[in-house]
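Below are the chains, spelled out letter by letter.
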Amino acid sequence: MTDASKTELVVEDVHKYLGGLHILQGASFTAERGSIVSLLGASGSGKTTLLRCIAGLEQPEVGRIRIGGKVMLDCDQRLTIAPERRNIGLVFQSYALWPHRSVMENVAYGLKLRGVDKITAAKRVQETLEKIGLGHLADRYPDQLSGGQQQRVAICRALVYQPRVLLMDEPLSNLDAKLREEARYWIRKLVLDLEICGVLVTHDQSEALAASDNILLLRNGAIVQQGAPQDIYARPASFYAADFLGANNVASGRIERTVHGASIRGPNWALDGVLVGDTGEGEGKAVIRVEKIGVHGAPAEGRIAMHLDACLYLGDRWEYRLSYGDLQAKAFGPKALPSGPVWADIPRDGVWLFPAAA
Amino acid sequence: MSAQETHSGAASGGRIAISSGRRSSPPRPMPRPGEALAFRRTVIGLLALAVLAPIGLILYQSFLDGPFFIAKSRPGFSAYLYVLTDPMFYEALTNTVIMAVGMVAIAVPLGAALAFLLTRTDVKFRGLLEVVVLVPMFISAIVLAFGYTVSIGPSGFVSMLARSVFGFVPWNLYTLGGIVLVTGLSHVPHVYLYVSAAMRNLPSDLEEAARSTGAPLWRVGLDVTAPMVLPALVFVAVLNLMIGFEMFGVPLVLGDPSGITVLTTYIYKLTTLFGVPTYQLMAVVVVLLVLLTLPLVWFQRRLLRNSRRYAALGGKGGRTTAMRLGTRGQVIALSAIGLWLFFSVALPIGGIVLRAFVDAWGQGVNPFAHLTLKHFANLLEVPRLYHGILNTVIIAVVGGAVAVGIYLLVGLAGHRSKDHASTLLDYIVLLPRAMPNLVTGLAFFWLFLFVPFLVPFRPTLVSLFTAYLIMGLAYGLRLLQGTLIQVSPELEEAARTTGATVTRAWRDVVIPIIRPGLVGAWALIMIVFLRDYATGVYLMSAGTEVIGSLIVSLLQSGAMDIIAALAFVSILLTGAGLGLALRLGAKLHD
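Residue numbers (my numbering), protein chains in the order written: chain A, -10 to 347; chain B, 526 to 1115.
In short, the hints are calculated from the structure, not lab data. Honestly, I wouldn't trust all of these hints.
To be verified - Label-pair distances were calculated between CB atoms; the ranges are:
id: 1; chain 1: B; residue 1: GLY1007; chain 2: A; residue 2: ASP232; range: 45 to 55 Å
id: 2; chain 1: B; residue 1: PRO728; chain 2: A; residue 2: ASP65; range: 35 to 45 Å
id: 3; chain 1: A; residue 1: ASP65; chain 2: B; residue 2: ARG1003; range: 41 to 51 Å
id: 4; chain 1: B; residue 1: GLY702; chain 2: A; residue 2: LEU10; range: 54 to 64 Å
id: 5; chain 1: A; residue 1: SER32; chain 2: B; residue 2: TYR585; range: 49 to 59 Å
id: 6; chain 1: B; residue 1: ASN697; chain 2: A; residue 2: PRO88; range: 17 to 27 Å
id: 7; chain 1: B; residue 1: ALA740; chain 2: A; residue 2: ASP305; range: 55 to 65 Å
Given the structure is predicted, the values throughout are model-derived calculations rather than measurements. Each residue gets a CB set at the ideal place from its N, CA and C atoms; glycine is no exception.
Work the whole structure out from these sequences, hints included.
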């Protein structure tokens, strides 16, 4: 699945300490041209630190980093290359546009540093700006642009000199919701069109799922799980991964093996499910994606009798608040249902069982 | 359990490596390439040399039994023995402590009250007052002291007026009490500046709560506002205590006629006590004085660090609404401020302006009938006087600009650096602050005598500029560092990742962004250089006169006409500098 000739970025066993804290605990991954890798995690998970280590703005104490086949960091050899010589582009969360330079000057700076003559540089900047629809704003200053425009200029600035790797630190978090959905689409398109290697840091799972080819889920400085968006969403390896992604129902109870597989049992409820990883019998937790639960007004085989407490209108659908003994659950459906008894479809492989410790 | 029932998210195989090995102690940090270490270390090293060489020379001199330039001087403690058994030294020490403590006791409460009125209440003319109350701070202390001499000294204008009314002068300025009063009132702005900065950030809801329970305004200030700015009050008290120890101009002008000495004037007197240079005794007093002030600098540094933490807690979320003074309150507040302004600004400056244009006054003489311009004619005729004025302008305008450039280099050398050299920088800057300006000048005078290749530069402005550079270092560097820190680190990092080296990022991003701050710093340094009178005292020779050191030396001969004219020019120049600073948007309230 890895095409070595397309590999642009190799990160191997990177550790970073801050004082007594071990804030990166051995991150490894590779990234390829024409694809986006997302570093996904809650705040404090070390995703931005990892990105800054790749950029050379932070120095890890252990590990190796290669960009475009060249060694950028090898802690065993005590070799490290300064950020300006790594041939990367970095888009900051705050965009970090230089306020004293016009859009043109901001974007052209990387070309100027690379000795591109003024006329060629201006032409290339204009082309790049046109590509993202900002051609008419070249002479403006950053404070005269909207947030969305600033973000595009920041990406332009990081792209125009064709870096080996484009690093993006929460590039969408300062945009409003509508703009964010547009931006994640065109960023993905841009990276694929230009055949560059993108690394995207985000805390927003929908951004990671929609924009990337590969997701690294980080927690406390370690990579918890890595895989394609569909894999990581459909087959989480741990309770953390299962709970972090998607909208979920979580239940605590006792896991027992049954003839068919396993089940989880509370004081007055029980659900059949599947064990994930090396989960055994004992106290545990179940994660059920909200969309896995179907709610019906009539009983049928395999349906569980539940009580509908309330029905909330969300615009495009309805949210059902269900109770089953002392188990509380959420589900979605297309129409309003009267409160009272309902029957829920919960497929066995939609109930993931994890040990309580995870 | 079948394979289908057990998911594994680690499907993509081989590419995951989660290291479980937690190391107990972090490994050796990696070097950081491209951080311009060579530049940083060179600049900080040179600065360390410029600061430590003169201080080292003073220390060395203090352990000799004669001046360093006399070959037969031998190492020993005889100079310490002499000073420590000299009753004059103890008298000067006692006077210094009384003066410094007295000054703090007057300046801190008044400065805090002024800050309270101007930041927390709706006192009228606030915009104007905010600038005017700073004036005593910008005027040379020697000019100010001279202004008091000509207005309320034994034969001053106001004293003469009082004599014609009462038949005698009901006060005597030339006493320790007079010195304490003058220094105390003229240092109110120093207190105001810091305390108002602290008060401005306070949210006003606590004060409003106190007022709504019925506390009168003065109680609110005392019981609510003051405790909240206590760190700033302590800091500013320590700062002014140190300024008090280092004060030279006022005790020289007001104390000398009646034989009151403080440590700085004691050093100054030692020069001329025996006819032969007594460098070793001066050096000993300097060492003892620095031993007094250095702990204060140290303490101040710690307070500042803590008060920053404190200020960060307050945040900027709070809204500040001015408390209503009411008509009676306005009258009382404005009268108090007016009275203080009259004494600390109008009286000395008015005295100088009048004195500069008259040639006769006294009992029964109307000074306005004796207006003249002839004192100013002197300034144009005597070379060392017009050279002095010219040099003052050159040192302030050109020297100020060069100094800001050098402070910028020093600031950049320590900017976002994790190198040991930047820690060294923090400590180097403390040293000159512990030295009175008179002593800084003395140290550089000796250095330019002692180091062979520097000797030719001694009678040039180079020696004077070097001394000024170190004299203004602490203030200038604080201005520059304050400006540099405002540039978001991401703007610099963006330049780095785009391909710029550190120095290139400074040149293309940091410096263009802070340009307005640099211009403001230049204006403020210019005022600092304009108002200084003590640094140039020992360095003065044909070619290195400045207005301040000319006044100090003319005081010995009592050429009051010329001093008045020089003082007037000094006030004009300071006014021009202040106007320029405001015009350029320099932040006086920093």
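Next item on the list: Enumerate the violated hints, using their earlier numbering and listing them in ascending order.
Entry: 2 and 6
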